[in-house]
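Peer 1: Let's have the full structure, built from the sequences with the hints guiding it.
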Amino acid sequence: MNTPSAANTAAPSALTWVEASAPAKVNLILQCGAPAEAGGYHPLTTVFQALSLRETVRLQRRDDHELYLTQEARTPADEPAELAAELSDLDPAKHLAYRAVKAVLDYAGIDAGANIHVIKRVPVAGGMAGGSADAAAALLAADTLFATGLNESGELDVLAAQLGADVPFCLQGGLALGRGRGDELTALADGPTRTWVMLTNQRGLSTPGVFAQADHRHALGLEKLSELVEAEGDIAAALQISQNYLLPAEVPTELTEAQSRGLFTAENWQQFLAVLENDLQLPALDLRPDLAEIMEQAAAAQLPDGTPVVTKPIISGSGPTIAVPVQNLAEAEAVKAAVQGSETLHQAIILTGPVAGAQIDASGE
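Mapping of the sequence shown onto UniProt numbering: position 253 corresponds to residue 253, and the numbering continues sequentially without gaps.
Don't read these hints as lab results, they were simulated from the structure. This structure is a prediction, so every number in the text was calculated from the model and none was measured. Cβ atoms here follow ideal geometry from the backbone N, Cα and C, with glycine treated the same way. Some clues are possibly wrong.
Unchecked claim - Distance windows between CB atoms, simulated: (1) R74 with A274: 31 to 37 angstroms; (2) S88 with P289: 26 to 32 angstroms; (3) E277 with L303: 24 to 30 angstroms; (4) S153 with G306: 53 to 59 angstroms; (5) A266 with A362: 32 to 38 angstroms; (6) S206 with A274: 28 to 34 angstroms; (7) R203 with E267: 36 to 42 angstroms; (8) S342 with D89: 26 to 32 angstroms; (9) E277 with E223: 21 to 27 angstroms; (10) D286 with E365: 52 to 58 angstroms; (11) A236 with E257: 26 to 32 angstroms; (12) D63 with Q202: 37 to 43 angstroms; (13) A93 with E277: 33 to 39 angstroms.
Peer 2: Next comes the structure, spelled out in structure tokens:
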């Protein structure tokens with residue numbers, strides 16, 4: 001049970017509305033271990049990078065102490081779009097932005113109401129933490145509108161972790177190393193600005209479903225190893241099974257020297273590409289084999305003069321969005337051209353990172 005913060009003794013805010021935003025993310029590294037027990041959480045070591053596509057939450061005070069949520073969808077170019085069915089059919093009280101505002105009010109012991117308006121730009125169920133960005137923006141907006149002081153005291157981070165594993169990072173932004181469920185964060189230096197082409201599609205992937213598939217692959221791998229031992233198979237085959245199927249009992253908790261060089265050195269592009277990895281990629285591709293084709297198309301992109309684009313498409317988080325790193329805008333356009341016409345593609349969005357975490361964009365009395 002949460003203990004109300006002493007921050008609720010702060011002077012009341014004169015603000016009547018606040019608008020906040022928080023970024024989407026991509027996982028540059030996602031190492032996943034086997035859960036200690038069936039149904040338990042998977043230990044993760046991951047490197048998050050905040051991207052230049054932001055969710056917006058606007059809070060406006062109400063006099064009746066009720067919380068009322070509305071939503072709209074916009075494209076990355078900020079044009080009106082159709083709201084995903086998963087959100088239009090969602091009980092407002094289950095929306096992460098609603099839950100975030102309520103969490104702040106409950107924790108701070110404040111009896112107040114607000115209109116919560118969410119502007120969705122990040123693909124739903126796309127592995128880019130759109131829902132977590134909603135929660136992070138709503139947390140900061142509520143903290144500011146109601147002058148709780150929770151952000152200043154660090155208690156907003158506690159609420160963020162309770163709402164979801166990616167919420168603390170969307171609150172923090174930049175570049176960070178995540179451990180545990182991914183919510184135990186260590187801020188990293190921003191390093192070079194990276195450019196990405198994010199390839200989205202309209203059919204999402206369930207994060208729990210992808211983790212369940214990772215567990216299924218792990219069990220299948222153990223069976224294959226057992227059969228290999230009985231057949232006195234060779235070591236090379238055993239190593240291949242381990243690499244493709246098994247989840248380790250433990251994951252590293254620190255970056256290797258090679259990973260650090262790749263992340264923070266601007267001059268060596270190949271070194272950066274070598275760092276990129278995602279242990280959930282194969283499970284995601286099991287569930288969505290159609291994604292492999294568009295990954296191949298992106299990997300084969302060429303500039304107008306025929307020069308190959310040197311890249312390494314990866315699944316973003318639990319998918320299905322595909323993240324394609326490029327060195328410049330010309331390469332980004334080449335990747336977009338290479339995947340045009342794909343039945344799997346919904347949008348090809350050019351983004352950069354790292355960027356700031358949750359921030360207040362506007363407010364008024």
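Peer 1: Which of the numbered hints are not met once you compare them with the structure shown?
Peer 2: The structure breaks none of the hints.
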